[in-house]
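Participant: Sequence:
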Amino acid sequence: MHVKIAMNKDLISRSIEREAPPCEICGADQPRVVAARTDLMLGGRDTFIVCQCGGCGVLYQHPRPSEALIGRHYPADTSYPSYRQAVAAEPILRRLSRRAVLRRRCGLVLRHVRAGRLLDVGCATGDFLAEMRRQPGWSVVGAEPSAAAGRYAAAQSGAPIIRSLLNDAPFATASFDAITMWDVLEHVYRPREVIAEAARILRPGGVLVVNHPNTESLDRSLFGPIWVGYDLPRHTYLYPSVLLARLMVEYGLREAERVCLYGSHSVLADNLTYLAERRLGQGAASRTIAKTLRSLPVRLLAAPYITTIDRLRRGGNITAVFVRDL
Numbered sequence: 001m002h003v004k005i006a007m008n009k010d011l012i013s014r015s016i017e018r019e020a021p022p023c024e025i026c027g028a029d030q031p032r033v034v035a036a037r038t039d040l041m042l043g044g045r046d047t048f049i050v051c052q053c054g055g056c057g058v059l060y061q062h063p064r065p066s067e068a069l070i071g072r073h074y075p076a077d078t079s080y081p082s083y084r085q086a087v088a089a090e091p092i093l094r095r096l097s098r099r100a101v102l103r104r105r106c107g108l109v110l111r112h113v114r115a116g117r118l119l120d121v122g123c124a125t126g127d128f129l130a131e132m133r134r135q136p137g138w139s140v141v142g143a144e145p146s147a148a149a150g151r152y153a154a155a156q157s158g159a160p161i162i163r164s165l166l167n168d169a170p171f172a173t174a175s176f177d178a179i180t181m182w183d184v185l186e187h188v189y190r191p192r193e194v195i196a197e198a199a200r201i202l203r204p205g206g207v208l209v210v211n212h213p214n215t216e217s218l219d220r221s222l223f224g225p226i227w228v229g230y231d232l233p234r235h236t237y238l239y240p241s242v243l244l245a246r247l248m249v250e251y252g253l254r255e256a257e258r259v260c261l262y263g264s265h266s267v268l269a270d271n272l273t274y275l276a277e278r279r280l281g282q283g284a285a286s287r288t289i290a291k292t293l294r295s296l297p298v299r300l301l302a303a304p305y306i307t308t309i310d311r312l313r314r315g316g317n318i319t320a321v322f323v324r325d326l
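In our numbering, the protein residues as written are 1 to 326.
None of these hints come from the bench; they were simulated from the model.
These figures come from a predicted structure and were not determined experimentally.
Quick reminder that beta carbons are idealized off the backbone N, C-alpha and C, glycines included.
Among the hints, a few may not be true.
[Claimed, not checked] Between beta-carbon pairs, the in silico distance windows are:
1) P160 - A245: 43 to 49 Å
2) A20 - P160: 36 to 42 Å
3) V33 - E67: 18 to 24 Å
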């Protein structure tokens, strides 16, 4: 693999400090290139590479920007999807869509734990925290590395927010009944540390809920290197569902449910938007296509397809629930 990277060194800009560690999941150093592309969100000429580990099968960015510099590759404002404004401030269609997602998230947690204390890791602007805080019998805490997002989350949810990710947060052993990671684990540089810490602070019988890009999605098969789930260079590890379940078992976490809970239409729309921008450029035509793809008529027309792929677990995202051993 080092030879392959050397052969493609013209693709990799030297303007970004990069590192190429072995696989965090299994320790192997057997990467095989599966996709290479530029940053489709922020633009630029730098090419980033996704590899599949020859040891365990996880997909990971290799080489990748150093952890100290990865913050430069995140938008600083609400243009980043996780840092959107409050639901109440959105246009009506987006507001209804986001409220439906929040209800599904809450419903999934409540199916497994009726009441208790919840930690939302990577809580962003706090929408889910605010919704869970309204549920009877729940107290909530957020962890968010972005200072601006954390302040916003605290203001709108009323929950205490710790400025960190999970592996350096000051929580006591067995202190939570539920921990949620909505679109977080794929960003983490040291996933084993984060999973181990989640297992430590979960009470026996508590649940860890992880939503992440679905590597078995039909979208990934259809769109190849422009698949939105790669989200280079922000995503570092992408997990086949069976591999993630095996990894969790090592930390006393047993998979109880796996479902395509939400987001498949948005992922498909993003993929088609990237395709339009690649073919037509980032002009008025692509913007019109992007807006049309998210319109109510198109959502209704696409609903049978979205429902089918979700039931087959081939939707854009996959959500897994893991229960802490008693």
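Participant: If you check the beta carbons of P160 and A245, does the distance land in 43 to 49 Å?
Facilitator: 31 Å, violated
Participant: Okay, V33 versus E67 on CB: inside 18 to 24 Å?
Facilitator: With a Cβ separation near 22 Å, V33 and E67 satisfy 18 to 24 Å, so the hint holds.
Participant: Could one say that the CB atoms of A20 and P160 fall in the range 36 to 42 Å?
Facilitator: 38 Å, holds
In this structure, only the earlier hint numbered 1 is contradicted, and the remaining ones agree with it.
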